[in-house]
Each structure stands twice: as C-alpha cells, then as structure tokens.
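Student: Sequence:
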Amino acid sequence: DQRCNCDCTNFLLQECSKQGLLSEVNMNNLIAKRAADREHAPCLKSAENANIQPNPGLILRAEPTVTNILKTMDSDHSKSPEGLLGVLGHMLSGKSLDLLLAAAAATGKLKSFARKFIKLNEFTKHISGESSKGASVRALLFDISFLMLCHVAQTYGSEVILSEASPPGEVPFFETWMQTCMPEEGKILNPDHPCFRPDSTKVETLVALLNNSSEMKLVQMKWQEACLSISAAILEILNAWENGVLTFESVQKITDNIKGKVCSMAVCAVAWLVAHVRMLGLDEREKSLQMIRQLGNPLYGENTLQFYSERVVIMSSILEHMCADVVQQTAAQIKFPATGVDTMPYWNLLPAKKPIKEVLMSVFSKVLEKGWVDSHSIHIFDTLLHMGGVYWFCNNLVKELLKETRKEHAMRAVELLYSIFCLDMQQLTLTLLGHILPNLLTDSSKWHMLMDPPGKALAKLSVWCASSSYSSHNKGQVSPWQRKRHREDIEDYISLFPLDDTQPSKLMRLLSSNEEDPSVLSSPSKWNHADRTMSTSLSASQLHTVSMRDPLNRVLANLFLLISSILGAKTAGTHTQFVQWFMEECVDCLEQGSRGSILQFMPFTMVSELVKASNMSSPKIVLAITDLSLPLGRRVAAQAISAL
226 DQRCNCDCTN
236 FLLQECSKQG
246 LLSEVNMNNL
256 IAKRAADREH
266 APCLKSAENA
276 NIQPNPGLIL
286 RAEPTVTNIL
296 KTMDSDHSKS
306 PEGLLGVLGH
316 MLSGKSLDLL
326 LAAAAATGKL
336 KSFARKFIKL
346 NEFTKHISGE
356 SSKGASVRAL
366 LFDISFLMLC
376 HVAQTYGSEV
386 ILSEASPPGE
396 VPFFETWMQT
406 CMPEEGKILN
416 PDHPCFRPDS
426 TKVETLVALL
436 NNSSEMKLVQ
446 MKWQEACLSI
456 SAAILEILNA
466 WENGVLTFES
476 VQKITDNIKG
486 KVCSMAVCAV
496 AWLVAHVRML
506 GLDEREKSLQ
516 MIRQLGNPLY
526 GENTLQFYSE
536 RVVIMSSILE
546 HMCADVVQQT
556 AAQIKFPATG
566 VDTMPYWNLL
576 PAKKPIKEVL
586 MSVFSKVLEK
596 GWVDSHSIHI
606 FDTLLHMGGV
616 YWFCNNLVKE
626 LLKETRKEHA
636 MRAVELLYSI
646 FCLDMQQLTL
656 TLLGHILPNL
666 LTDSSKWHML
676 MDPPGKALAK
686 LSVWCASSSY
696 SSHNKGQVSP
706 WQRKRHREDI
716 EDYISLFPLD
726 DTQPSKLMRL
736 LSSNEEDPSV
746 LSSPSKWNHA
756 DRTMSTSLSA
766 SQLHTVSMRD
776 PLNRVLANLF
786 LLISSILGAK
796 TAGTHTQFVQ
806 WFMEECVDCL
816 EQGSRGSILQ
826 FMPFTMVSEL
836 VKASNMSSPK
846 IVLAITDLSL
856 PLGRRVAAQA
866 ISAL
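For the sequence shown, this note's numbering begins at 226 and goes up steadily by one.
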C-alpha cells in the first residue's frame, strides 16, 4: 500500500467479487474493515507533489517513462555522463523515484532497472585523468546509483538486486556490500567481520583525509574503496573520541566531511554503527548513537554537490530503515530529517520494559477477542517472531491455543494462528511438526492437554500448516519476508530427525523379491526384525523416491512414523484420540481437493490400524488414504476393505 499509495486489498477484493469468489456483502464488510485498519498506515504528510504521488492509474501511465530511462541507461556512460546525471536528477525529485519504481515493479522491469544501476555504479570505478567537474559528475553518479539501489533493496527486497551467479571475483561492489554489510530485518551483522576490516593502509589514509581536510576531495577518489574502508575508519574515530584524543568538535568536522559530498559514505558508516551498537551494553552506546544522529543530519552549505537535498531525502529514508531494529532494542530516540512520509508507525512497537512473552499473550488475546488480525498486531507478531525466534514463538502460541476450552473459541484460535503462521509458514511448520507435536505426543504428563476441544483444534492447525507448507514448498513459492529470515541448515534436520538414508534401496529390494508374496503383508510375527522395521516404515513417498534430505519431507516422515507407533501401541489415551483427529483432518483436506498430499508419508501398515477406529472404518476413507497408483497401495487397500 505504501509503495503504490493505494489500497491494494480493495482492488483485490473487487476483482474477487467480479469473478464471483466473494459476495457483495462479504466484499463490503472486508473493505470496511480494511479502511478502518488503514487509518494508522503511513501516509504523505501534505499534499506536496500530489500530482506525481504513485497511484494505480499513474503507475501504469509511467511505464513508457521507465522504458525510456532503461534505454538511456543502456547508452555508453562515458560519452555523456552529464546528460545521464540530468536524467537521474529528474528521477530523484519529489516522489518521482517511488512512482517509477512502482511502475517498473508493476510491469516486471524492476530487476532490469536494478541491473542497470549496478552497471552504472561499476562504471564509476573507471578513473582516467579527470577534471574537477568530471570528478564531481562521477561522484554524483556513484552516489545516486548507490542510494537508489539501497532504496530498491529496502522497498522491494534484496533478492531484486542479486544477479544470477556471477563468475568468481566478478561480483559487483554493491552486491558484495549489500550481502555482507547492509543491515536488514532478520539479518544480524557481526561488526568484527572481515568485510568491515579492509586494508589498514587504506583505512589510515581515509582517517587522515577525513580529519585533516576541510572537505572531502573528489578527484581520483575511489568511492567503492572509501565505502568499504569507512567502517574501520569510524571505529578508529570512535575509539579516539571515547579515549579523549578527539573532541566533540573534531568528530563533528569528520562526520560533516563524510556526509558533505556523497551520502553513500554516511550510509555505509551507519550500517557498521548499527551492527556495533547491538553488541554494546546500555551505558556504552551513547557516543555511537550520537554519531548516528550526526551522520543523519544533513549539512546545508554552499559547497554541497548537485541534487543534495534530493539525495538527503533518500539517505534519511535508508538510515531510518537501517536503524529501526536498534531503535527498537535500545529505546533510543533518533530523529531523521523529514522524508515526506510519516515515520513508520509499526516500528518501535514493543514496550521498552515489558517481557516479550507478556506482549505475545496480550496481543493474541486481543486478536482472539476481535476475531481477526489487524495490521498493527501482525507487525507486533512479526517483531516478536524475529526477536524471540521460531521455536519460542510457535511454542508459546500453541500453549495459548491449548488453554481454550470452548469449541468456538478454539476454532477461532486455529484460524487466527494459521493466518499468523503465514509470517513464516515453512519454518513454523517445521517447528510445530518436528518439535512441538512429538514432545506433546511422547510425554504422558502432557497428554491431558490434548483433550477435545483444544487437542482437536491443534490437530486441525497442524494438518492445515503441513498441507499448505507442502503444497507451496513443492511449487517453490517463498515470500520475500520468508527469504529474509535465517534458513535452518538442512544438516540440522538430518541430525535431529535421523532416517536411514539407505532405506529406499533396501525397501525396493524387499519389494521386488516379494512383489507377489502375500506373506509380506501377513502377520508381523512372521517377519524377522530387520524386515519388520523396513516394512513398518514403508510409505508411498519412499516408493516414489521423494528426497529425504529435504527438511519438510524428513519431518513429515518422522511424524507419521511416530503416529504409526502410537496407533500400534497397546495403551490408548488422549494422544491416540489426537492422532485419529489428525488423520480425519488429513482426509477432510484430501476431500477438498489438495492432491499430492502429506498422506504419502504415512507407512502402509497404518491403514489396518486406522480402520480399527470406528470413525475411520469406511471403504471411502481407506481409498482416500492409500496411494492406489502403486501395486502395494492397491493390495493394502483391498486387504483393509475386505477386513471391514
């Protein structure tokens, strides 16, 4: 909504209504809710530039301009750098940049746009006997391309910037800097990482230049090197200031030099300071935060380069995004110059001194009472997920669900949790199915928590999450939010959920030698131990050779093995009832048409156990839960139906 300056949900709902997917009453109800929800959304402070603020009509009309700019960017930069600078300067004015980026994104040209700016940024590395005017133009081309790329990465996600695999040693400067040095939501940087520690002689030269010059030199300046060296230079300056070697006035002169000509150096300096502040104790942060404030305040003088005020607006927006997490954690007050937009009201959401578990419980109870998750709450949930971690977040919300003793409240909680889990469905599903459910099912002291209605509700939530994760996983659909988050290493899941990787080949041998031998499916007492373990874990997924190195497949296979052992156990309890609810929900989801289902991970031996449960004993259910495309599946189904 903020990128396009319009109510995107409204347009989507209207299209759904036109296609007959929503009744008019439902559409109007949802539009009214969304309108109330958007009252707190960021919006432009005034009517300035109202004629070029992005809106759907303008965005589509701006497409030819995007095409023309892309053509201009394709020309030889060395022939007419001043002409190119004029085009870029026009893009920076008012809200033009956001409008053009929205138009590029809407027409699928954003990646091409980003590639052109990376190419331009690389072009500024080439220096040959330049005049002071040529040096100014080169500095501006570097600065504008750098700021635009930062803005694109923060607005549309860093994956827009990244190229397909570059040859070794040929990764563009901006890509390298963004991946290693740029703070993003969910990315924790190490301030002592080698990327922040370049060649010491270059750092010393830069410190001397910043400390001794009245202003930044431009001729023959290697801006990429300066941006990579600035973090180490800032550390030296900070240490000197803290130890009384430099006065506040000297530090101010240095920060004025950093931001006076090119804003990108200030962005690189703040990127490191943000990582550094995270590592400091409360009483050690003051000077670092003061330095961030100094770098964020623009320097208005006669010697600033062209388009300075326009560049400062973008710089302020970039710094505000970068500092959001640190401001949240340190409760620091950092004000950046007006960027034309109200500060994001969803930042700095968490109360400074309230434990995050209490915040989670209170927000969830409000949402449960209301019956839907508003924007403000979803941003709080996202912050809590990022701060507390996937296991903490999932475990505490499941505990809240298990407290519900009224059926309608438990069902409402399931629907709300499913929507909240969409913040990172893959990781939350892995945690729910791989850690939380097995803990509840194997610990007899927790079985009482699985009674109806909360137990039945948890079974429903688990199947919904498993089914949607599995279907989206197979289509390769991952949201940009989820891509930002730290991915669990596949090796972690292999060690946490050990499966014998040689199983499929053993199983295939067993099946090929016994393809028509009825004894394979006869009484377990006839099997030897090895055959028994193989046959009990045999599932359709293994016959279809589904990769068990994939974390989700691995977790599902292990969960069904656990369910199988519970159904075959001599003792029954609420955990056995939970397993039946889980399987019933799997069948319901199947009947609603979600093919390629998670039931392929179910061991074939479970079928005969399941039909013993009265509510699962029908031919329709047996046919639904067995893979009839396999000879073994057909035989298992036939045996189960004949035993009914």
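It is worth saying that the hints were derived from the structure and are not from the lab. Fair warning: there could be bad hints in the mix.
Using 27 Å as the maximum straight-line C-alpha spacing, the simulated DSSO-like pairs for lysine-lysine come out as follows [to be verified]: (1) 578 x 632; (2) 334 x 344; (3) 243 x 304; (4) 512 x 344; (5) 628 x 579; (6) 296 x 258; (7) 595 x 578; (8) 671 x 427; (9) 412 x 578; (10) 296 x 336; (11) 512 x 427; (12) 578 x 624; (13) 671 x 628; (14) 582 x 512; (15) 591 x 512; (16) 258 x 304; (17) 350 x 304; (18) 258 x 341; (19) 358 x 336; (20) 837 x 795; (21) 336 x 350; (22) 624 x 595; (23) 304 x 427; (24) 442 x 427; (25) 595 x 258; (26) 258 x 412; (27) 412 x 442; (28) 358 x 334; (29) 258 x 358; (30) 258 x 837; (31) 344 x 304; (32) 447 x 304; (33) 358 x 341; (34) 243 x 296; (35) 258 x 350; (36) 582 x 624; (37) 258 x 334; (38) 591 x 628.
Student: So, for every hint listed, does it hold in this structure?
Tutor: Tested hints:
1. Taking the CA atoms of residue 578 and residue 632, the gap is about 35 Å. The hint is violated against a cut of 27 Å.
2. With a C-alpha separation of about 16 Å, the suggested pair residue 334 and residue 344 falls inside the 27 Å cut-off, and the hint holds.
3. For the proposed pair residue 243 and residue 304, the alpha carbon gap of about 52 Å is over 27 Å, so the pair is violated.
4. Distance check on the hinted pair: residue 512 and residue 344 sit about 37 Å apart at the alpha-carbon level, beyond 27 Å; violated.
5. Under the criterion of a C-alpha separation no larger than 27 Å, the hint pairing residue 628 with residue 579 is consistent with the structure, at around 22 Å.
6. Distance check on the hinted pair: residue 296 and residue 258 sit about 43 Å apart at the alpha-carbon level, beyond 27 Å; violated.
7. With a C-alpha separation of about 26 Å, the suggested pairing of residue 595 with residue 578 holds against the 27 Å cut-off.
8. About 61 Å separates the Cα atoms of residue 671 and residue 427, which puts this hinted pair outside 27 Å; it is violated.
9. Restraint check for residue 412 and residue 578: satisfied, since their Cα atoms lie roughly 24 Å apart, inside the 27 Å limit.
10. A C-alpha spacing of about 15 Å is found between residue 296 and residue 336, which places the hinted pair at or below 27 Å, so the restraint holds.
11. For the given pair, residue 512 sits about 24 Å from residue 427 by alpha-carbon distance, which is consistent with the 27 Å threshold.
12. Only pairs whose Cα atoms come within 27 Å are accepted, and residue 578 paired with residue 624 is accepted, the gap being roughly 23 Å.
13. Simply put, residue 671 and residue 628 have alpha-carbon atoms about 13 Å apart, close enough for the 27 Å limit, and the pair holds.
14. Proximity of residue 582 to residue 512 is assessed by CA-CA distance (about 31 Å); at most 27 Å being required, the pair is judged violated.
15. For the hint pairing residue 591 with residue 512, the CA-to-CA distance comes to about 40 Å; that exceeds 27 Å, so the pair is violated.
16. For the hint linking residue 258 to residue 304, the alpha-carbon distance of about 55 Å lies beyond 27 Å, and the restraint is violated.
17. For the hint pairing residue 350 with residue 304, the CA-to-CA distance comes to about 16 Å; that is within 27 Å, so the pair holds.
18. Note on residue 258 and residue 341: the hinted pairing is violated, with a Cα-Cα distance of about 41 Å set against a maximum of 27 Å.
19. Between residue 358 and residue 336 the CA atoms are separated by roughly 31 Å; this puts the pair beyond 27 Å, and the hint is violated.
20. Proximity of residue 837 to residue 795 is assessed by CA-CA distance (about 13 Å); at most 27 Å being required, the pair is judged to hold.
21. A hinted pair counts as satisfied when its Cα atoms are at most 27 Å apart, and residue 336 with residue 350 qualifies at roughly 22 Å.
22. The suggested pairing of residue 624 with residue 595 holds, with an alpha-carbon distance near 19 Å, which does not exceed 27 Å.
23. The straight-line distance between the Cα atoms of residue 304 and residue 427 is roughly 31 Å, outside the 27 Å bound, and the hint therefore fails.
24. For the hint pairing residue 442 with residue 427, the CA-to-CA distance comes to about 15 Å; that is within 27 Å, so the pair holds.
25. Proposed proximity of residue 595 and residue 258 is supported: the alpha carbons are some 12 Å apart, at most 27 Å.
26. At most 27 Å may separate the alpha-carbon atoms for a hinted pair to count; residue 258 and residue 412 exceed this at roughly 33 Å.
27. Restraint check for residue 412 and residue 442: the C-alpha separation of about 34 Å exceeds 27 Å, so the hint is violated.
28. Distance check on the hinted pair: residue 358 and residue 334 sit about 33 Å apart at the alpha-carbon level, beyond 27 Å; violated.
29. The straight-line distance between the Cα atoms of residue 258 and residue 358 is roughly 56 Å, outside the 27 Å bound, and the hint therefore fails.
30. The straight-line distance between the Cα atoms of residue 258 and residue 837 is roughly 47 Å, outside the 27 Å bound, and the hint therefore fails.
31. Pair hint residue 344 plus residue 304 holds up; C-alpha atoms about 15 Å apart against a cutoff of 27 Å.
32. For the hint pairing residue 447 with residue 304, the CA-to-CA distance comes to about 20 Å; that is within 27 Å, so the pair holds.
33. Proposed proximity of residue 358 and residue 341 is supported: the alpha carbons are some 24 Å apart, at most 27 Å.
34. Note on residue 243 and residue 296: the hinted pairing is violated, with a Cα-Cα distance of about 38 Å set against a maximum of 27 Å.
35. The straight-line distance between the Cα atoms of residue 258 and residue 350 is roughly 52 Å, outside the 27 Å bound, and the hint therefore fails.
36. A distance of roughly 12 Å separates the Cα atoms of residue 582 and residue 624; the hinted pair therefore holds under the 27 Å criterion.
37. The hinted pair formed by residue 258 and residue 334 fails the criterion: a straight-line CA distance of about 33 Å is larger than 27 Å.
38. Under the criterion of a C-alpha separation no larger than 27 Å, the hint pairing residue 591 with residue 628 is consistent with the structure, at around 15 Å.
The earlier numbered hints that this structure contradicts are 1, 3, 4, 6, 8, 14, 15, 16, 18, 19, 23, 26, 27, 28, 29, 30, 34, 35, 37.
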